[in-house]
Amino acid sequence: MNPRPASLHLNQLIDQPAALASPEGTTMSDRLLLPSRTGLAVPSSLNRRRFLGLGAAGAAAVALSACSGPSTSSDDAGTTDETSADDFAGVSPASEITFWSVHPGNSREADEELIRRFEEANPDISVTLVTAGANYEEVAQRFQTALQGDERPDVLMLSDVWWFKYFLNGTITPLDALLEAEGVELEDYHDTLIGDYTYDGRQWGMPYARSTPLFYYNKEHWAAAGLPDRGPETWDEFDEWAPALQANLDSGQSVFHHVKGASYVAWIFQSIIWAHGGRYSDDEFNITLDSAEAIGAGDYVRAQVHDLGYAGVTPDDNIIDLSSGGISATIGSTGSLSGLLESASFEVGASFLPAKDEFGCPTGGAGLSIPSGITPERQLAAMRFIKFVTEPENTAYYSQSVGYMPVRKSAVSLMEEAYNREPQRRVALEQLELTSPQDAARVYIPDGDQILGRGLERIMLQNEAAADVWPVVADELATSYEENVEPVIG
Amino acid sequence: MALPETESPVSPRTDPPVDDPMAHSSSQDHRRGRMPLSRRRSRRREALIFLAFTIPNLTLIALFTYRPLLSNVYYSTLQWNMGSPTARFVGFGNYVRWFSDPHSWNYLRITAIFTIATVGGTILIGLLIATVLNQKLRGRNVARAVVFAPYVLSGVAIGLVWMFMFDPQFGVIAPVIRAFGMTPPNWYNSPGWALVMVIIVYIWKHLGYAAVVYLAGLQIVPRDLLEAAALDGAGKWRTFRSITLPLLSPMTFFLLVTVTLSSMQSFDMIHAMTRGGPVDGTTTLMYQIYREGFVTGRAGYSATVATILFLLLLGFTLLQMRFLERKVHYS
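So the protein lines, in turn, are chains A and B. Residues are numbered in the working numbering as their position in the first sequence, beginning at 1, plus a constant of 3. Residues are numbered in the working numbering as their position in the second sequence, beginning at 1, plus a constant of 13.
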């Protein structure tokens, strides 16, 4: 038996995990048995209670002196920072700006090339490219965090579902005065794409990596099933085609893959709910998921997976599922097009989305915004950069190398060669004419996209009836609206 | 856990009377009066040394632990959107909302399952591995290093690699399960199996830590006791159960506390593997804190959940110390 008195106390163990984690060398008992009577003793004038008291008082003092949270003095959240200037006439652009991008669709090289071109044309302004996350959520979260400090970017990539949140918080600046100062011609931008970032009569972002969903299919699977070389015109037609495609697949493989919440299923499903004649909400933020059309659309995707059985939900990435030959078709963003054409060993078909009672297709993707609270000089340089990267030849370059749509009308003529070489690219542009602005519930209600996505996961993964799921989703959307949107714009 | 009552003559809970004048103020002055001057001087010196050593630490703890803790409690009374310069005071509104939201109970349930499974699994398998690695085997040191290695790796990296392995189409796990004639579960898309998946990976990462702690404990089990037991005709299992296990109780207790704390706060792996999904299936309280704060942007509500988690952890730790530490055998 170890002859020493016991003194292995929990506190010592917690304070000294390193001692425990070294089994070699010194023995456990040597390391853990702290001297209880010898060495440094706690002086008698400072007993434990008094000591704790001191600690607590110190902590409280520090907390009080350094507490820097939000101000609760006023109820009007969402006022724009005072630093937003209205007149940039006397302002000269800053010499350094930072661009936060997430390089959607593997577009890092394209971002770098555009920056190289910009710095060549504007030798006085240097641009630092920051990979501010792996997806739209991460850049938005990083910006959120940066707002607490002073590390704000000058040009910020915000997706369709994120910019409005920063409008509500007053942390992005309206671009109108800047657009005027830089002489940007808004008429040449595609109307839907520019309209997606207009609110309250002002412009809050400029389209950059903009997309629509496309129906992608494996032409080899199509040919093997004896199907015509086109996408299905309607979901009914696809339901009819599916058994022929399924016959050539291994058991356990699906003809079609939906995506999950993290991959913006609510964006893609929006086209399906529209095709059924329903909507997530009207423009006044009234949630309309209780309509027969909305329930019908939800039940349709549920039936695709669980009754008709030809569709599944991608475990991870539906584009990889398609390019690896695991499935025959899926719906994905135009931003996946270049990667898909490159990685697939077969010919990839791209077509309009299937219709049902009507045709529906949203736009999506990301635009570029400028934070409030940075100097007018930096804002002006940021706008110069945004103007430059969306100029016809640059947006055409970006579109060709990634797959996103050219955001300028006059860029189309520059892309004829690419369109002839890869006609799939033209589909997105033609479909753009038929797109509608997204439902407020998804893009304007903070977290709306993820709330809807979780509901769709329940429908598709858990086989729950839309009539049971939608009311829960509608409640969550309404709560978020009441908390976040109504106090600001209501 | 059935641990024997302590036989130690010196129980850790019954501290010997401390030489502490503040505790007996009536006799304090009386005693101090008799204290020789040299002894008082040396006491003052000791006090100064004590302060010199503790104040830097205390300052840091106050700045980086207590201050954020208090700020967090304050934020939990606000309706505040992350990033917004203004907020509204709502008192206990956020707490009322958390307790009346059915999602909260689901997250609590998931947290409980995750914690119990990971703590139990880590400790049991860690003990098993430690017992094996305590034998005189060839390549024992290499095996020890291999077992401990996952613990020092980043949770995100581990999560990503295991996701490849669990991948139903391309992963290495599905064919293994099929080889046994079973259908591999839908790890990615079934909320229940996704939780199992995360639990498996968490245990794998942490069992090396438990094994090392137990290994250290096994090395101080006195050989004479084991020999005496063998002489008395005790079998291996009996010796393990009646001698080794009780002697390991300080390690078990330590692991219960630390693994519970880290398990209830685990985030990186869940974020890398499932992002709390599918259908909230792996959303623990910790993940809810992240999601409310950084995805939804409800910073005030997020702080509320954080405060609730803090109180839960505090409660658990106190309970463990109150009821379990008594049963711990300190050599």
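Keep in mind that a hint or two might mislead.
Claimed, not checked - Facing chain B, from chain A, some residues (calculated, C-beta under 7 Å):
1) S74
2) A265
3) G312
4) V316
5) P395
Just so you know, these hints were derived from the structure itself, not from any lab. No residue lacks a Cβ here, since even glycine has one placed at the ideal position from N, Cα and C.
Hint check:
no.	hint	in the structure
1	S74	holds, 5 Å
2	A265	holds, 5 Å
3	G312	violated, 15 Å
4	V316	holds, 5 Å
5	P395	violated, 35 Å
Checked against the numbered hints above, the structure breaks hints 3 and 5 and satisfies the rest.
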